[in-house]
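Asker: Sequence:
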Amino acid sequence: ILQYLSKEESLKAFVIWTMGALGDVTSGQLLILVPSVFAGLLLAVLTIKPLNLLLFGEEYAVTMGLNIRRSRSLLFLSTTLLAGTITAFCGPIGFIGLAMPHVTRMLFQNSDHHVLLPGTILSGASILLLCDIISKIFTLPINAITALLGIPIVVWVVLRNKSITA
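The numbers in the numbering used here rise by one with no breaks, and the one at position 158 of the sequence shown is 158.
No lab work stands behind these hints: they were computed from the structure. Check each hint, because a few of them may be wrong.
[As the list claims (entries may be wrong)] Calculated lysine-lysine pairs in the DSS-like style (CA-CA distance at most 30 Å, straight line): (1) 162 / 7; (2) 12 / 136; (3) 49 / 162.
[Stated by the list, open to error] Estimated spans, in silico, between C-beta atoms of each pair: (4) 136 / 72: 31 to 41 Å; (5) 165 / 58: 12 to 22 Å; (6) 6 / 46: 20 to 30 Å; (7) 158 / 62: 25 to 35 Å; (8) 63 / 30: 42 to 52 Å; (9) 62 / 152: 30 to 40 Å; (10) 59 / 31: 39 to 49 Å; (11) 158 / 48: 20 to 30 Å; (12) 26 / 163: 43 to 53 Å; (13) 12 / 34: 24 to 34 Å.
Backbone N, C-alpha and C fix where the C-beta goes; we use that ideal spot for every residue, glycine too.
Kindly generate the complete structure, drawing on both the sequences and the hints.
Answerer: Shown next as structure tokens:
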């Protein structure tokens, strides 16, 4: 239906968007992108203490005065705002948000979200920029590069968790 009803230029723009790209964001779009990402990161910072409390379990977190429902809502809002904003402007770039938190936790060997949040932001941005450079060199969609990097990490996490629970 999309192919039939769309104009050629719109369809081409959609196909390119689905491949993901960092370089297609215009300065006008940055006026929307930057405040939205800043708001999402601010909300993420507000979830650091609740996430650290939840490491000990929900029951412990509640006894320490944490409102679980409010914390989950705040975390959901932050995640949705960040993922939705970046996807809207850069396209669906897979595996970075899924794989990099696990890599960061492994590298820092730490579960404190005061360390993990900035570490994940920096490592995720660095790896994404590296993938973007590689995609430009080989003229491949950035999704192909992030998938080649991310799939082994996700498989490793799943297998590791399976062996822990077994």
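Asker: So, for every hint listed, does it hold in this structure?
Answerer: Here is how each hint holds up against the structure:
1. 162 / 7: With a Cα-Cα distance of about 48 Å, the restraint between residue 162 and residue 7 is violated, given a limit of 30 Å.
2. 12 / 136: Holds, at roughly 19 Å.
3. 49 / 162: 28 Å, holds
4. 136 / 72: 31 to 41 Å: Roughly 39 Å apart at Cβ, these two residues keep to the hinted range, so it holds.
5. 165 / 58: 12 to 22 Å: 19 Å, holds
6. 6 / 46: 20 to 30 Å: 41 Å, violated
7. 158 / 62: 25 to 35 Å: 30 Å, holds
8. 63 / 30: 42 to 52 Å: 44 Å, holds
9. 62 / 152: 30 to 40 Å: Since residue 62 and residue 152 have Cβ atoms about 37 Å apart, the given range 30 to 40 Å holds.
10. 59 / 31: 39 to 49 Å: 45 Å, holds
11. 158 / 48: 20 to 30 Å: Given a distance of about 26 Å, which is inside 20 to 30 Å, the answer is holds.
12. 26 / 163: 43 to 53 Å: 47 Å Cβ-Cβ, so the 43 to 53 Å window holds.
13. 12 / 34: 24 to 34 Å: Roughly 27 Å apart at Cβ, these two residues keep to the hinted range, so it holds.
Checked against the numbered hints given earlier, this structure breaks hints 1, 6; the rest are met.
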